[in-house]
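A.B. asks: Use these hints to put chains B, C and D onto chain A, whose structure you have.
Protein chains: 4
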Amino acid sequence: MIYFNSDYLEGAHPAIMERLMQTNMEQTVGYGEDEYCAAAREKIKAACQAPDADVHFLVGGTLTNTTVIASVLRPYQGVLSATSGHINCHETGAIESSGHKVLTLPTDNGKITAKQVEDYYNWHHFSPDYEHMVMPGMVYISLPTEGGTLYSKAELTELYEVCKKCSLPLFIDGARLGYGLTCDDCDLTLPEVARLCDIFYIGGNKVGALFGEAVVVMNPALKKDFRFMMKQRGGMLAKGRLLGLQFDTLFTDDLYFKISRHANEMAKKIHAIFEDNGYPFFFNSPTNQQYPIMSDAELAVLGKEFGYEYWERVDETHSAIRFAASWATTEENVAALRKGVEALKK
Amino acid sequence: MIYFNSDYLEGAHPAIMERLMQTNMEQTVGYGEDEYCAAAREKIKAACQAPDADVHFLVGGTLTNTTVIASVLRPYQGVLSATSGHINCHETGAIESSGHKVLTLPTDNGKITAKQVEDYYNWHHFSPDYEHMVMPGMVYISLPTEGGTLYSKAELTELYEVCKKCSLPLFIDGARLGYGLTCDDCDLTLPEVARLCDIFYIGGNKVGALFGEAVVVMNPALKKDFRFMMKQRGGMLAKGRLLGLQFDTLFTDDLYFKISRHANEMAKKIHAIFEDNGYPFFFNSPTNQQYPIMSDAELAVLGKEFGYEYWERVDETHSAIRFAASWATTEENVAALRKGVEALKK
Amino acid sequence: MIYFNSDYLEGAHPAIMERLMQTNMEQTVGYGEDEYCAAAREKIKAACQAPDADVHFLVGGTLTNTTVIASVLRPYQGVLSATSGHINCHETGAIESSGHKVLTLPTDNGKITAKQVEDYYNWHHFSPDYEHMVMPGMVYISLPTEGGTLYSKAELTELYEVCKKCSLPLFIDGARLGYGLTCDDCDLTLPEVARLCDIFYIGGNKVGALFGEAVVVMNPALKKDFRFMMKQRGGMLAKGRLLGLQFDTLFTDDLYFKISRHANEMAKKIHAIFEDNGYPFFFNSPTNQQYPIMSDAELAVLGKEFGYEYWERVDETHSAIRFAASWATTEENVAALRKGVEALKK
Amino acid sequence: MIYFNSDYLEGAHPAIMERLMQTNMEQTVGYGEDEYCAAAREKIKAACQAPDADVHFLVGGTLTNTTVIASVLRPYQGVLSATSGHINCHETGAIESSGHKVLTLPTDNGKITAKQVEDYYNWHHFSPDYEHMVMPGMVYISLPTEGGTLYSKAELTELYEVCKKCSLPLFIDGARLGYGLTCDDCDLTLPEVARLCDIFYIGGNKVGALFGEAVVVMNPALKKDFRFMMKQRGGMLAKGRLLGLQFDTLFTDDLYFKISRHANEMAKKIHAIFEDNGYPFFFNSPTNQQYPIMSDAELAVLGKEFGYEYWERVDETHSAIRFAASWATTEENVAALRKGVEALKK
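Chains as they are written, first to last, in the numbering used here: chain A, 163 to 508; chain B, 163 to 508; chain C, 163 to 508; chain D, 163 to 508.
So that you can see chain A by itself, here it is in the shape it has in the complex (with noise of 0.2 Å):
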């Protein structure tokens, strides 16, 4: 059995277990105040041109946008996001478990736009009824989003100019960064995505870490105080090194991007097995996952041998599914998935 259902399916880089061997018997303060974690934020504030960004490390994409959201919202204020947004999905509400509601805009390709962003904001704000709904205080988007799709850089500096001009901070969820960065239809680099937003995260554990996010923080008006919002949220690990140690390594010689351009390869070679064999796709995605719609019927052959992620149902006989390259897929897992598609065909 060879498994694409998601970019988590293995363990970290070899050169992040390398060092944590290495390191493995060091004594060190705890709770993220030690040497590795320090230099580890120094790489990455250099990779991001963001000399005074705060960086903080948490473990778990939930736990890192509930504690960032819940710091950044007001009790009576909302998140403003796509409906297909993972917060508003696949977090069993861990937003509103903070008191804040999703505010969901509608959206096909899991992106959403400044005109939308500026409409909600203008619908509330001139509304007779102000008072009596909740306040849009944020917005929140996804890079690469759930579907695969990326925003343009024009496309992002046009909705972080509206979120400026609204006063709502625009944070990115960077849980799969390294996959939207260095994929072939990318227009932003980091420096860009880190200009062009308020506060993100550069996912790990998606991205060769074993787990671990790094949260930057650009807007100077979100850093106040931000490590007792980890400590109450559980977001402060005793053994904070670890993710020091971990981000220092991604962001030594680019590992970070050419571990992605490696999954990003592969996704396309994934891309074109299904593309040679005439499928549809379910979302235009050009980053590490990939969505091809086949009928019932063959996805039950085909899931003898490959595991995949079942996405969504299309029709009555097919369904959309997603396969997921990452950091540790194989040419030879992808060479066995194209031989297992077009037998299909025979």
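You may find that some hints are simply not true.
[Stated by the list, open to error] Distance ranges between label pairs, derived from CB positions:
hint	chain 1	residue 1	chain 2	residue 2	range
1	C	Y472	B	D416	55 to 61 Å
2	B	P213	A	D387	51 to 57 Å
3	C	A459	A	D387	55 to 61 Å
Hints were generated in silico from the structure; no laboratory data involved.
Think of the CB as a built atom: it goes at the ideal place given N, C-alpha and C, for glycine as much as any other residue.
C.D. replies: Only chains B, C and D this time, still in chain A's reference frame:
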């Protein structure tokens, strides 16, 4: 200026004011444990033909909705509601503030169907991402709805059957219950409503009381410690007897229903005013709220003499507005409105 | 049976009832935006000599405390309070329910000192575990306290100086403010109270109103979006004019202070009854609540004719109890109590 | 510099690192549903002699405590804890953030007694203000406590009897459970601990794991939907197998207990160092944490070579400090400490 904006423009029915005056200097114990609350509870239980129900009095719809919903749900559960549900739109995120997501079902007329609830339940229950999504934990409907529409006995029966099948307690927001039960189109009685849900409230604030709502807990599993919830959420009035006195009065000699029927009579006349003058309606409401669609130019003129509630833009030059009748609406004011509308046509 | 259990046994001062009757059929807009609320706000601001203050009306002390505190604090902050503070003891965890810890300071007489606040602030601020502990974010006191005691002008001034030094907004719970300000021992005026805190409320429920509390926001930094908080927490009364009318009446011709003074006169007589008969007191209260200590045997006898509030066990055979006078307490009832207590000694 | 500040200074036991390396490139499903988690669960259940228990893996003590407590309590309930309990002192209000009050019981040695719990329960239950106070809903203890002390089998049995009598589920925080169970003074076994509570956790983070805690749910009533709670609060690790692998290793060949015993041996030597040199102790701890009292002048000298945790000021010139031994503490470092302490006496 004559106002039709809402059903809470005036104080209370004179019979209530009289009772409050008569009893003003009496001494009673606090927090709803006095004899007036006891008497009101008995009358409400009798009117509901529900001798085993628990009855609690609170002040305000938002507080009542939040207290009930937070009492019923487990932390990871959400409440199913029409997108137009009051809890989803006009309570500034009170439900989310208590930690719970409002899980919305689309609607045109303010109602949701048994099938929608069952489909949502099944979609969640059989999803591979089951534990990553908010579990539906109860169902919220308004009777009548925010658009003045009504569930038929057949619809409510079918909905409640599905709720029981899916173990989803059904909560009916009866902020305007009297106006619903006494309109011509309604085939439900109060005892039937009580029997077709797990918990509901009888709104006083909009139906003749100065303020106050009576929560009726039908399902024994939902009774435990409800007063703790009320106190914690600020809903336990020190001078509880004020609520008891009001509901005791409303449920003496059918006053609640008599004054509701009056409002519906007035609403029918309001409806006729607009219908006779060729205006379409945004909702097909048989109850005390009427939603004609008018041109913005006409609204500007009409608004000089008559207060109405702006509801929603319909197209670039037309809007839906609300005219609400209540227990306090007079024939004189309705006659004046007819003149005002007819004048627009000249 | 004559009750002295509390100061919310009767309805409202007759002048208030009269106003409610007179205006009952008037139409006003809702949610506190009517002319009666506007007038009441002006009178309260004048009485406080605080023309720039914001004034909001809510129903109930628990709701008011929770709304104010949740509005002031950041998620990781708590509120400093005497262990005996109402928010710590008798609100069923309403503050915690909004996500905040009550940080308690020990007290014998219901008051906390400037030194206690400063020491706590410093202890937290200079702790190596700083971020692992709840940050004190504001200070809560009651004036008068739950034991009927009072802060002197010097004490309050010193406390507020420390609060400002430590950037801790000071919130005064004035549920019984009138009874505090008009007692013989009080050297504070309403404008002084207003100037010596950041936000406070003037209690109506226990001081002549049917219900209602008036929040006065002195510190401009705490004003923003307070009405959103009110609506979210269920504290925005639809018929807001009921609150406006009551406070307008209370702040016309000094009614609020006149009726408070009456209560204190009655309380002095109650105090004398117990003192003359040799009973010690649990608190040294100069205000409307008196706390004699009696034997349980005597209480059993007295309790047959007179209602009191059980306060606390003092030793195996004695208890502290509360007798509360109010705006509604009559000379007749006090005289009857004297006879009842004297009878115990025969 | 040699550190004794805590038991989370190093990485993980080498046997764990080896397993992580060996399995690094294997593919497994996520979220704790892999075979390593399954194996670890079986071993833990066997070690607890609790074949029907549920076992869940989370990252971090604060997150584990919050998830368990928020899962057990109803909204109006609080958790009874020693004032010194970790949830009360050092989790930045995480429990309150989930809506619940920590109800504190005074303690000198970190422990609470059966009598304290029963008295609190009765005091609340029979109070006339019952509904105005937070209802105790569960009991939290640490084993060993934050001061390194231990409950005896008799004490724990008596406590649990009272908990059952009062319907208060007992939760044991076992962040350092191994160090408790293997010290000389302990008369409890793991199966006994499991049988004497409703839910507990076995700490990995401080006892040989890189990170991770294993929650064991003994009481069937507390099992339902626990994974929803984990996901909502951010505690469901995507690569759950990392936790499974670690606990599988720790519960193979008694590794968890062997390394715990080593720590206690080292702690006895540390204890002897201070005892031999005439220092008193702040807590009488038989476990891995030792709390000598030293003069501030001596601390300044000792602190140049040795890291310790500052605990509490004892008097104007003396402080209590903590020296923690762990699975990783070496004989060499302990010998160096002896030299350092003895040097102070010269």
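A.B. asks: Next, verify each hint and record whether it holds.
C.D. replies: Checked hints:
1. C/Y472 to B/D416: 55 to 61 Å: Given range 55 to 61 Å: violated, Cβ gap about 42 Å.
2. B/P213 to A/D387: 51 to 57 Å: 55 Å, holds
3. C/A459 to A/D387: 55 to 61 Å: 56 Å, holds
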